[in-house]
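Take the sequence shown: its position 25, counted from the start at 1, is 25 in our numbering, and no numbers get skipped.
Don't take every hint at face value.
[Unchecked claim] Simulated restraints on C-beta separations:
#, residue 1, residue 2, range
1, S15, D79, 33 to 39 angstroms
2, D79, C7, 21 to 27 angstroms
3, T44, D79, 20 to 26 angstroms
4, K80, S15, 33 to 39 angstroms
Hint data in this document are derived by calculation from the structure and do not stem from the laboratory. We put the beta carbon where it would ideally sit given N, CA and C, even for glycine.
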Amino acid sequence: MMENSACMPIDVALSYVQRGFPVFPCNPSSKSPLIKGGFKAATTEPEEIPAKWVRNPDAMPAMPPGSLSGAYVVDVDVDK
1 MMENSACMPI DVALSYVQRG FPVFPCNPSS KSPLIKGGFK AATTEPEEIP
51 AKWVRNPDAM PAMPPGSLSG AYVVDVDVDK
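Please construct the entire structure, taking both the sequences and the accompanying hints into account.
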């Protein structure tokens, strides 16, 4: 069975970069950055994406919030 390359994390990262959004690889479980420099090392350069995903090909593409991306996040935690 062939994998659908459109669903590969690196392809998702590249699609975000092509739209002008900075991205960085993130641990899907802990949501921690997987590169030195963390979210401040996010890039909008397509040629930098393979190097950022080579060690962690299953890393979740993440965008830094705030002025770097123009996106702001409200994270609401509810006590159970």
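Hint numbers the structure violates, sorted upward?
-> 2, 3
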